Structure formats: C-alpha cells, structure tokens
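Turn these sequences into a full structure, and let the hints guide you.
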Amino acid sequence: MSSAIQVRQVHKHFGAVRALDGVDLEVKQGEFFALLGPNGAGKTTLINTLAGLARADRGELRVMGYDVVRDYREARRALGVVPQELVFDPFFTVRETLEIQSGYFGLRANDAWIDEVIARLDLTDKAHVNMRALSGGMKRRVLVAQALVHKPPVIVLDEPTAGVDVELRQGLWGFIRELNRAGHTIVLTTHYLEEAETLCSRIAMLKQGRIVALDTTHNLLNRFSGRSVRLKLCPGHLPPALKPLMQEQESGCYTLALSDYPALERVLAALRAEGVQVQELEILQADLEDVFIQIMRKREA
Amino acid sequence: MTGFYTLLYKELLRFWKVSFQTIVAPLITVLLYLLVFSQVLEEHVQPYPGVSYTAFLIPGLAMMAVLQNAFANSSSSLIQSKITGNIVFVLLPPFAYWEMFLAYTLAAVARGLAVGAGVYLFTIGFIDLPLKSPLWALMFAVLGSALLGALGIVAGIWAEKFDQLAAFQNFLIMPLTFLSGVFYSIHSLPPFWQELSRLNPFFFMIDGFRYGFFGVSDISPYASLAIVGGCFLGISLLTLWLLKIGYKLRS
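Protein chains in written order, with this note's numbering: chain A, 1 to 301; chain B, 302 to 552.
Among the hints, erroneous ones may be present.
In silico lysine-lysine, DSBU-like type, Cα no more than 30 Å apart, as pairs [unchecked claim]:
(1) A/K28 - A/K151
(2) A/K207 - A/K298
(3) A/K139 - B/K462
(4) A/K139 - A/K151
(5) A/K151 - B/K383
(6) A/K298 - A/K243
(7) A/K207 - B/K549
(8) B/K549 - B/K462
(9) A/K139 - B/K549
(10) B/K383 - B/K545
(11) A/K151 - A/K126
(12) A/K126 - A/K139
(13) B/K545 - B/K433
(14) A/K139 - B/K318
(15) A/K207 - A/K28
(16) A/K232 - A/K243
(17) A/K126 - B/K318
(18) B/K318 - B/K549
(19) B/K383 - A/K139
(20) B/K383 - A/K126
(21) B/K383 - A/K207
(22) B/K433 - B/K318
(23) B/K383 - B/K462
(24) B/K318 - B/K383
(25) B/K549 - B/K383
(26) A/K28 - A/K298
(27) B/K545 - A/K151
Sample of chain A residues at the chain B side, in silico, Cβ under 7 Å [said to hold, decoys possible]:
(28) A51
(29) L53
(30) R76
(31) P83
(32) D89
(33) I100
(34) Y104
(35) F105
(36) R108
It should be emphasised that the hints constitute simulated quantities derived from the structure, not laboratory data. Keep in mind the model is a prediction, meaning the values are calculated, not measured. No residue lacks a Cβ here, since even glycine has one placed at the ideal position from N, Cα and C.
As structure tokens, this is what we get:
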C-alpha cells in the first residue's frame with residue numbers, strides 16, 4: 001500500500017528566502033497528521049507544492065503514489081485542500097459553488113454527496129444564498145465543503161479553524177474525525193496546539209523550511225517535557241538533595257521535574273527524611289504547547 | 302470532459318448573471334457611436350459605391366464590440382479570480398492546460414458573439430443592411446473573438462492589478478480597434494497610414510467581417526483569413542505555453 005503523502009528532499013525558495021529546505025515526510029494512509037510551526041515556517045508552501053499551486057525547485061512529492069508533477073491529474077483528484085485564505089466566488093450561491101467544484105473534478109450526478117456535505121456542515125438553510133451574503137464562519141464551512149466535494153482520500157486543512165467559533169470548531173472536527181475513521185487521511189495545520197494534541201496521532205514541526213521534530217503525539221509529549229510536580233512545603237525550604245530537580249520557584253511553591261511516576265516516591269522520601277511536610281501537591285502534565293516552545297527554542301540556540 | 306464543460310459553463314454563467322453589464326451596456330455604447338457618427342458623416346462619406354456610410358459603419362462597430370467584449374471577458378474573469386484569490390478553485394482541480402485555454406476562449410467567443418448579434422439584430426430593424434455571405438461574417442466573428450479571448454487570457458495572467466489590465470486595454474486594444482478601419486475604408490487614408498494599417502491585425506478582422514456583408518473589402522478575404530488565422534495560432538500557442546508552465550498562476 002502506497003503512502004498517502006510522500007515528500008522527498010523538497011526544496012523551494014522565494015528570492016533569498018528558503019521556504020522549504022530539504023523536507024522529507026511520509027504520511028501513511030488513514031493517519032490524522034498535524035503540521036505545526038510558527039508563521040513563515042513553510043507549512044503553507046509545503047501544502048501548495050503538494051497541491052500544485054506552487055512548484056518545488058527540487059525533490060519529489062507524491063499523493064497516493066502519484067507524482068504531483070508527472071501524474072498531476074491523478075494526484076489532484078486524490079487531494080482535497082482547504083485553503084487558509086477565506087476565498088469565494090461572489091457570482092454564485094453555496095450550492096452552485098459546490099456543484100461547479102464537483103464538476104471540475106469530473107463528477108456528474110454528485111447530488112447525494114453534495115447534500116450530505118451541506119447538511120453535515122450545517123449549511124442547509126444557506127444552500128441557495130449567494131456567497132457574498134455569508135458570514136466569515138459560513139464561508140469557511142463552504143471552503144471545507146468544496147475540498148470534500150470529490151471525496152478525496154487525502155484531505156489537507158490549512159488552519160481551518162482560524163477565526164471560527166467554538167460550536168463550528170466542534171462540529172467540524174466531529175465530521176473530519178468521522179471521515180478519518182472511514183479511511184480518509186487527514187493533514188492539518190493549526191495554531192491551536194490543543195487541537196493537534198487531541199486530534200492527531202502524529203505530528204511534524206517545521207521551522208524555517210526544515211522539519212525539526214517528527215514523531216507520534218504521545219512520544220513528543222513524553223520525550224520533551226515529561227511530567228513535573230508542584231509542591232507547597234512546611235517549613236518552606238527545599239531540602240538540598242532535591243535542588244537539582246527544581247524547575248521553578250514561585251511564592252513558596254516549588255516545581256520539580258519527574259522523570260517518571262516512581263520518581264515522585266523518591267521526592268516524598270527525601271522530604272520525609274528531612275522532616276518537611278507537604279501542604280499542597282499538584283502533578284503537572286506537559287502539553288503540546290510546552291513541547292512546541294521547547295523545540296522552537298532549542299533550534300534557535 | 303466533465304471538468305472542461307463545467308469550467309465553460311461557469312465562465313458562461315459568470316457573464317450571463319451580470320448580462321446587464323456584460324451585454325446590454327456594450328450594446329448601448331455601440332448604438333451611441335452609430336447614432337452620432339452616422340448622423341454627422343452620412344452625407345459626406347461613401348466608402349464603397351452603392352453602400353451608405355451608416356450601412357458601412359454597422360459591421361465595423363459590431364465587430365469592434367465583438368472583439369472588445371471577447372477580450373474583456375477572459376481578461377476580467379482571470380484578474381478578478383486572481384485578485385480575490387478564488388483562482389485556487391480552478392488551479393486545484395485536475396484540469397489539463399488546454400482545457401483551461403479552451404473554456405476561457407470559448408466563453409469569450411460566446412460573449413463577443415452575443416454582443417455582436419445584439420448590435421446586428423437591433424440595427425437591421427432600422428437600416429437596410431445586406432448580408433451577402435453570412436459564413437464569411439460568422440467565420441471572422443468567431444476567429445476574431447477567439448483571438449481576442451486568447452489575448453485576454455494572456456493579459457489576465459500577466460496583469461497583477463486592475464490598472465495594469467486597464468493599461469493593456471487602453472494602450473493596446475483600444476488604439477488597435479479604433480485605427481483598424483471601423484469608421485473608414487483605409488483607401489481613404491494617405492499612403493503612409495494605409496501601409497501602417499496593414500500591420501494592424503484588427504484591420505484584417507474588420508475588413509474580412511465586412512466582406513461578409515457587402516461582398517467587397519479593402520483586401521481579399523482569403524488573405525485576411527490567413528492573417529487572422531495565423532495570429533490566432535500564434536497567440537494560442539503562447540497562451541497554452543503560459544498555462545502549461547503556470548506563469549504567474551503557480552508560483
């Protein structure tokens with residue numbers, strides 16, 4: 001079985017800026033994959049080269065095994081892209097927009113699926129409204145619908161939830177998860193890291209056109225910040241034996257790093273030995289934001 | 302082929318939905334020209350023996366409208382899509398570049414012919430206009446609008462702002478159409494300007510089109526057909542090449 005997406009040594013520059021600097025990436029079929037990175041890291045450029053909106057200077061990109069340059073027709077049929085910009089064609093209604101987009105991909109008699117997409121994205125009562133008259137959130141839904149209209153096996157969402165209210169975000173992710181369960185491969189970029197953390201099984205982090213981390217969400221969370229414990233003590237001094245573990249000290253509270261859960265027992269034992277009592281205790285889990293910040297900082301050093 | 306037909310349908314629908322601007326407005330412009338010029342010049346000019354100036358003027362004005370509107374259709378569609386960003390909806394699907402070329406060109410032909418037919422149908426109600434060989438007239442109208450439609454694709458791809466497109470229109474298309482014998486037979490010009498007119502492809506389109514109505518023209522319609530056909534082929538190849546390499550469309 002071929003990979004959903006294969007990117008090999010892709011380079012792309014705009015003038016002096018290296019937008020993509022030797023990117024290698026493979027996304028397996030059925031994965032829910034996140035592409036993270038600060039603004040200007042190359043996420044959108046990577047998506048554009050994949051979709052044929054931009055051309056790589058060097059390297060090779062494949063969608064469902066089809067080369068995006070040589071077999072561009074097959075590659076584009078296999079790909080649905082939700083662009084980041086809120087673009088629309090002001091001449092048409094929602095339904096016309098979707099019928100036209102479906103026709104572009106060579107599909108006739110696609111009404112049943114168009115109706116379903118419209119219903120799932122809560123657009124039914126807007127189906128015959130002109131695109132101009134829709135709010136930003138509604139336009140975003142239509143963009144998602146347009147990307148899904150040809151039932152592509154690979155769906156790429158470039159910041160689909162930017163500026164979108166909570167209700168739509170929940171609804172949208174519900175629908176996308178269902179598509180993923182039905183076998184569609186999902187790649188998303190987002191600035192909401194908690195979204196990537198809850199949805200995606202694997203994550204790539206991009207910085208200045210390079211991949212700086214690529215692992216399962218679980219491993220990234222474990223490898224980079226592990227856990228920590230925050231303690232309020234009486235008397236309020238940390239025994240010297242525990243000083244090396246200290247990460248932070250703030251208004252009588254100490255945050256100590258824990259390599260694993262048994263390490264907590266060793267901390268408590270050391271406190272007992274010194275006759276120090278624990279008044280408050282809180283276990284802190286790393287989240288993706290910590291990992292993200294750590295990785296981005298590390299590469300700057 | 303469904304993709305191609307859909308793109309063509311969308312391009313037709315695009316101008317049809319605003320037909321007041323895209324068909325009725327140019328029609329009125331042409332009728333104003335006709336009213337003013339025929340009123341002023343009818344008594345003074347007789348371009349061909351037995352052909353009144355007003356009758357002479359109508360095919361010229363009709364063809365001018367055909368050409369300008371064909372150009373306007375493909376160029377404005379592309380520049381609007383580029384500026385609003387919705388060009389991605391055409392770039393993401395699996396279109397072959399010739400499908401894009403054909404869809405935009407045919408839609409331009411359709412709009413050009415719609416305006417031209419409007420001018421013709423409206424004016425024959427008032428003025429006695431012969432139509433000696435309709436096939437010649439149709440051939441030149443189709444070929445001319447296809448040429449301008451293709452040129453409109455080139456301009457729409459090249460221009461990044463509306464004023465660049467307006468410059469293309471005002472400094473190239475307008476002078477070439479006006480100085481092409483719409484309002485006069487080039488035989489009435491001094492020799493230098495006659496020679497210069499023969500370098501203008503628009504002259505051959507209008508002269509050949511007029512031949513379809515009167516059976517007389519400044520030069521042989523076969524020569525005009527060959528020249529217009531050659532220009533169309535050249536511009537088409539250029540357009541296809543630009544679409545193929547994705548010039549200014551795919552970065």
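Against the structure, the hints:
1. A/K28 - A/K151: OK: A/K28 and A/K151 at ~18 Å, within 30 Å.
2. A/K207 - A/K298: Answer holds: A/K207 to A/K298 is near 11 Å, not above 30 Å.
3. A/K139 - B/K462: With a Cα-Cα distance of about 25 Å, the restraint between A/K139 and B/K462 holds, given a limit of 30 Å.
4. A/K139 - A/K151: holds (20 Å)
5. A/K151 - B/K383: The hint holds at about 26 Å.
6. A/K298 - A/K243: Holds, because 24 Å separates the two Cα atoms, which is no more than 30 Å.
7. A/K207 - B/K549: holds (27 Å)
8. B/K549 - B/K462: holds (12 Å)
9. A/K139 - B/K549: Holds, because 26 Å separates the two Cα atoms, which is no more than 30 Å.
10. B/K383 - B/K545: Holds - the C-alpha atoms of B/K545 and B/K383 are around 17 Å apart, at most 30 Å.
11. A/K151 - A/K126: Judged against 30 Å, a Cα distance of about 22 Å means the pair holds.
12. A/K126 - A/K139: Given that 30 Å is the threshold and the Cα spacing comes to 10 Å, the pair holds.
13. B/K545 - B/K433: At roughly 42 Å apart (the allowed maximum being 30 Å), B/K433 and B/K545 break the hint.
14. A/K139 - B/K318: holds (21 Å)
15. A/K207 - A/K28: holds (22 Å)
16. A/K232 - A/K243: holds (15 Å)
17. A/K126 - B/K318: At roughly 20 Å apart (the allowed maximum being 30 Å), B/K318 and A/K126 satisfy the hint.
18. B/K318 - B/K549: Roughly 28 Å between the alpha carbons, so the hint for B/K318 and B/K549 holds.
19. B/K383 - A/K139: Measuring from Cα to Cα gives roughly 18 Å; hence the hint holds.
20. B/K383 - A/K126: Answer holds: B/K383 to A/K126 is near 26 Å, not above 30 Å.
21. B/K383 - A/K207: It holds: about 29 Å lies between the C-alpha atoms, which stays within 30 Å.
22. B/K433 - B/K318: Distance ~35 Å between B/K433 and B/K318 Cα, so the pair is violated.
23. B/K383 - B/K462: Judged against 30 Å, a Cα distance of about 9 Å means the pair holds.
24. B/K318 - B/K383: holds (20 Å)
25. B/K549 - B/K383: holds (10 Å)
26. A/K28 - A/K298: Given pair A/K28, A/K298 holds - Cα atoms ~28 Å apart, limit 30 Å.
27. B/K545 - A/K151: holds (27 Å)
28. A51: holds (6 Å)
29. L53: At 6 Å from the nearest chain B Cβ, A/L53 passes the 7 Å test, so the hint holds.
30. R76: holds (4 Å)
31. P83: holds (5 Å)
32. D89: It holds, given that the least Cβ distance between A/D89 and chain B is near 5 Å, below 7 Å.
33. I100: holds (5 Å)
34. Y104: holds (4 Å)
35. F105: holds (5 Å)
36. R108: holds (6 Å)
Checked against the numbered hints given earlier, the structure breaks hints 13 and 22 and satisfies all the rest.
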